[in-house]
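Chemist: For the protein sequence lines, the chains are L and G, in the order given.
The numbers in my numbering rise by one with no breaks, and the one at position 277 of the first sequence is 277.
The numbers in my numbering rise by one with no breaks, and the one at position 17 of the second sequence is 17.
Please keep in mind that the hints were generated in silico from the structure rather than gathered at the bench.
Check each hint, because a few of them may be wrong.
What the hints assert, rightly or not - Footprint (simulated), chain G over chain L, 3 or more residues, beta carbon under 8 angstroms: (1) 1–15; (2) 65–75; (3) 92–106; (4) 109–121; (5) 274–282.
Even glycine gets a Cβ: it sits at the ideal position worked out from N, Cα and C.
2 protein chains.
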Amino acid sequence: MRITALAGGVGAAKFLSGLVRVMPGDDITIVVNTGDDFRWLGLYICPDLDTVTYTLAGLANSLTGWGVRDESFRCLERLRILGCETWFALGDLDLATHIYRTHQLRSGRSLTEITASLSSQNGLSVRILPMTDSYVPTMVHTDEGILGFQDYFVHKRCMPQVQRLSFEGIENASAAPGVLAAIENADAVVLCPSNPLASIAPILAVPGIRPALVATSATILAISPIVSGQAIKGPAASMMRQLGHEATAAGVARLYRDLIDIFVLDRQDEDLQKPIKDLGLKVYSANTIMNDMDSKTALAKAVLEMLP
Amino acid sequence: MRITALAGGVGAAKFLSGLVRVMPGDDITIVVNTGDDFRWLGLYICPDLDTVTYTLAGLANSLTGWGVRDESFRCLERLRILGCETWFALGDLDLATHIYRTHQLRSGRSLTEITASLSSQNGLSVRILPMTDSYVPTMVHTDEGILGFQDYFVHKRCMPQVQRLSFEGIENASAAPGVLAAIENADAVVLCPSNPLASIAPILAVPGIRPALVATSATILAISPIVSGQAIKGPAASMMRQLGHEATAAGVARLYRDLIDIFVLDRQDEDLQKPIKDLGLKVYSANTIMNDMDSKTALAKAVLEMLP
Chain L
1 MRITALAGGV GAAKFLSGLV RVMPGDDITI VVNTGDDFRW LGLYICPDLD
51 TVTYTLAGLA NSLTGWGVRD ESFRCLERLR ILGCETWFAL GDLDLATHIY
101 RTHQLRSGRS LTEITASLSS QNGLSVRILP MTDSYVPTMV HTDEGILGFQ
151 DYFVHKRCMP QVQRLSFEGI ENASAAPGVL AAIENADAVV LCPSNPLASI
201 APILAVPGIR PALVATSATI LAISPIVSGQ AIKGPAASMM RQLGHEATAA
251 GVARLYRDLI DIFVLDRQDE DLQKPIKDLG LKVYSANTIM NDMDSKTALA
301 KAVLEMLP
Chain G
1 MRITALAGGV GAAKFLSGLV RVMPGDDITI VVNTGDDFRW LGLYICPDLD
51 TVTYTLAGLA NSLTGWGVRD ESFRCLERLR ILGCETWFAL GDLDLATHIY
101 RTHQLRSGRS LTEITASLSS QNGLSVRILP MTDSYVPTMV HTDEGILGFQ
151 DYFVHKRCMP QVQRLSFEGI ENASAAPGVL AAIENADAVV LCPSNPLASI
201 APILAVPGIR PALVATSATI LAISPIVSGQ AIKGPAASMM RQLGHEATAA
251 GVARLYRDLI DIFVLDRQDE DLQKPIKDLG LKVYSANTIM NDMDSKTALA
301 KAVLEMLP
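Using the sequences and the accompanying hints, generate a full structural model.
Modeler: Have a look at this one:
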């Protein structure tokens, strides 16, 4: 069973850390959103790629969900004294990743190659791919102006009202090497429990990826990131509401209906099974709230059992 | 009394930290060697500028002479895990300076402007100038090939035999804004106790600086970095021997004889007073070994008294 996962940050990383414990890592390809990527103080930062890599490597801070555990912020404090903006909490350990990546990019390596190096240097056997090697920043159009995603998400704490999202330059981007083949050759594609509008939509917007999902013979399964009308983490629910979608598992299913075969919702949302089935989807319920490794592996096992 | 100092790293910084305690910082301009500058992992590092700034700001590690006190190396350890060369001991606090400088340079500011910002953000009132805004790396030609200065000095621990030094591109460089005026308008110019060949010579090789020293009405005084035939720190003595100079205060005086009026040697080298006087220089002796703040301020006071 070869699985290709489409992933955002924290929610996806939790699910994937269960998945790598119930099947061989070699059979997993993870295609990660890079719309959140940004340049800060000259460093090239890929929050979702790093969250997935750190989490699978056992390095993630399990309290915050982002960053590295046992982190320190000594460099950041000095940067603050030097007059730099420091709203992005760049830790001393995390910084090594960004220095490495930025230097390698400037030396001419692709983000795909660098991501593979970071993955193997962190001891991982799964294949982690950026959705594209191009810089296609997600811009959040709000009542306070057009903001980069991290500016909206971290700096402004998701407070501005979202009017629309745009993925800058995506029409000229192409999928990173290996992405389309990983979708074509998979037995199953899993849309991880990530923000459908800010994490999964950018991946689907990369030219070639949506057609590959339509064409593949793989079963396509999505896990709802929304439980009881709330996002487990991040702005998915409020963003859906502000953009005119129902902020429920059913609202998520509607966004994915043309692409997927199976939709997984949380047990708390059993009452939404019927409306989602009415969209023509198979629906399963599971415990999708992953607070510990047992619940992560349980969800991964349950998902494997749902696949044909 | 306006003083302009020509400075390398540790030895100069010690002397200058005494000088700023015995006269107003506003009257001091420090022109710092940038031949040691190098790019490492995409960061632009200026060891001598940073040593001078950190030392005057009271941030320097007094045990090592370089770097920041209470430093940690967590980022560097992660960089090592990621497969990077880590022979340059880049600390978490120090890193902030390099990230800031590199980003500012890429944003189009000059090294002169950035150095002024770093100086003021560190609370200094002295004016610190790079010798030039151009990148003019000192190359050490050795029996093991041509090495960048930090490669020779830190990585290879000064072990290769030095055949000659070259200052790449210096013929096309110009003095940083303010340098020539600071020499012209000074009452005294002090050549700090720094490596004459690797720290002071690059400054003198910047087009315009030597002529400005010849033309200025300022008294020019040099302090020997060599005491009893040994450098207090660094490779000055062995480098002088390998390049055919006498590794004594008299050897240093001979290198500077065409430029300077006054030469200061250590009390341990009183016997060298006569041969240096014979070069046509005024000679004074002082305690030039600066192990604590008292000895630093004592040397600075002594130097001020030697000046007309």
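Chemist: None of the hints should be skipped; say for each whether it holds.
Modeler: Hint-by-hint comparison with the structure:
With 0 residues carrying a beta carbon less than 8 angstroms from a beta carbon of chain G, the region 1–15 of chain L misses the three-residue requirement, and the given coverage is violated. Beta-carbon proximity to chain G at under 8 angstroms applies to 3 residues in the region 65–75 of chain L; the threshold of 3 is reached and the given coverage holds. Figure legend: the region 92–106 of chain L, annotated as covered by chain G; annotation consistent (10 residues with Cβ-Cβ distances under 8 angstroms, at least 3 required). With a cut-off of 8 angstroms between beta carbons, the region 109–121 of chain L has 3 residues touching chain G; three or more are needed, and the interface restraint holds.
Residues of the region 274–282 of chain L with a Cβ under 8 angstroms from some Cβ of chain G number 0, which does not satisfy the need for three, so the listed coverage is violated.
In this structure, the earlier hints numbered 1 and 5 are contradicted, and the remaining ones agree with it.
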